[in-house]
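Student: Chains W and X supply the protein sequences, listed in that same order. According to our numbering, the stretch in the first sequence is residues 46 to 159, in order. According to our numbering, the stretch in the second sequence is residues 1044 to 1155, in order.
Treat the hints as calculated values from the structure; they're not laboratory data. All C-beta atoms, glycine included, are put in the ideal place defined by N, C-alpha and C. Accuracy of the hints is not assured; some may be wrong.
As the list claims (entries may be wrong) - Negatives, chain W to chain X, calculated, CB over 10 Å:
hint, residue
1, L56
2, L75
3, L84
4, Q86
5, F109
6, S110
7, D116
8, S124
9, A137
10, P147
What the hints assert, rightly or not - Chain X side only, calculated, beta carbon under 7 Å to chain W, not exhaustive:
hint, residue
11, P1069
12, N1072
13, Y1074
14, A1075
15, P1087
16, V1092
17, T1094
18, G1097
19, I1136
20, N1141
21, Q1142
22, F1143
23, F1145
24, T1147
For reference, the chains in residue letters:
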Amino acid sequence: DSGVTQTPKHLITATGQRVTLRCSPRSGDLSVYWYQQSLDQGLQFLIQYYNGEERAKGNILERFSAQQFPDLHSELNLSSLELGDSALYFCASSADTGANQPQHFGDGTRLSIL
Amino acid sequence: ILNVEQSPQSLHVQEGDSTNFTCSFPSSNFYALHWYRWETAKSPEALFVMTLNGDEKKKGRISATLNTKEGYSYLYIKGSQPEDSATYLCAFITNTGNQFYFGTGTSLTVIP
Chain W
46 DSGVTQTPKH LITATGQRVT LRCSPRSGDL SVYWYQQSLD QGLQFLIQYY NGEERAKGNI
106 LERFSAQQFP DLHSELNLSS LELGDSALYF CASSADTGAN QPQHFGDGTR LSIL
Chain X
1044 ILNVEQSPQS LHVQEGDSTN FTCSFPSSNF YALHWYRWET AKSPEALFVM TLNGDEKKKG
1104 RISATLNTKE GYSYLYIKGS QPEDSATYLC AFITNTGNQF YFGTGTSLTV IP
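Using the sequences provided together with the hints, build the complete structure.
Tutor: In structure tokens:
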């Protein structure tokens, strides 16, 4: 158990809809990262938050947004969903902002767009 | 888009064999290199974080080396066991914008 909690585990919705994925980091971790894993693709870095502030941005679409709240949990919002957004979305956390810290991954949210 | 390549893509070894695989990354803008182990139906688990050229890290039968000047890292598993069966991922982190780039992994199957 990594200590990182993601909800929901599975989500099925239709094109054009909006969903919110939630992540609670490991106790004491200040950084939260979001990744997307599509079919036959590696993990794609979307965005990092550190102590409530955006720290780094990867290949995140404009239809996607994220935030980290004062209690350090994070939400990833996906809107105007398309079939290609079907993927496994992982959240990870680390103790600090630096990449010299290992990341601890949640079990992921599997998003299916019908 | 920056390329992080892992080879081989998949590997089958007999129990007791030692094995190694490679993560190749750009030799510029290096900040850190992470290795993760990802078992089926679980989430990735951190193995090593490497930041200095020439770094060598070890955890039990698994070890890793890092060459930032030529842009590669090796992961070694000594005396493979069936429980080592997993996908091994590397992640390259840049010193510009703190970007994370994962390879697609090496899938290891250890045959009893």
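Student: So, for every hint listed, does it hold in this structure?
Tutor: Hints, one by one, checked against the model:
no.: 1; hint: L56; verdict: 17 Å, holds
no.: 2; hint: L75; verdict: 14 Å, holds
no.: 3; hint: L84; verdict: 12 Å, holds
no.: 4; hint: Q86; verdict: 8 Å, violated
no.: 5; hint: F109; verdict: 16 Å, holds
no.: 6; hint: S110; verdict: 19 Å, holds
no.: 7; hint: D116; verdict: 22 Å, holds
no.: 8; hint: S124; verdict: 24 Å, holds
no.: 9; hint: A137; verdict: 8 Å, violated
no.: 10; hint: P147; verdict: 3 Å, violated
no.: 11; hint: P1069; verdict: 15 Å, violated
no.: 12; hint: N1072; verdict: 12 Å, violated
no.: 13; hint: Y1074; verdict: 5 Å, holds
no.: 14; hint: A1075; verdict: 4 Å, holds
no.: 15; hint: P1087; verdict: 5 Å, holds
no.: 16; hint: V1092; verdict: 5 Å, holds
no.: 17; hint: T1094; verdict: 5 Å, holds
no.: 18; hint: G1097; verdict: 16 Å, violated
no.: 19; hint: I1136; verdict: 4 Å, holds
no.: 20; hint: N1141; verdict: 4 Å, holds
no.: 21; hint: Q1142; verdict: 6 Å, holds
no.: 22; hint: F1143; verdict: 4 Å, holds
no.: 23; hint: F1145; verdict: 4 Å, holds
no.: 24; hint: T1147; verdict: 4 Å, holds
Checked against the numbered hints above, the structure breaks hints 4, 9, 10, 11, 12 and 18 and satisfies the rest.
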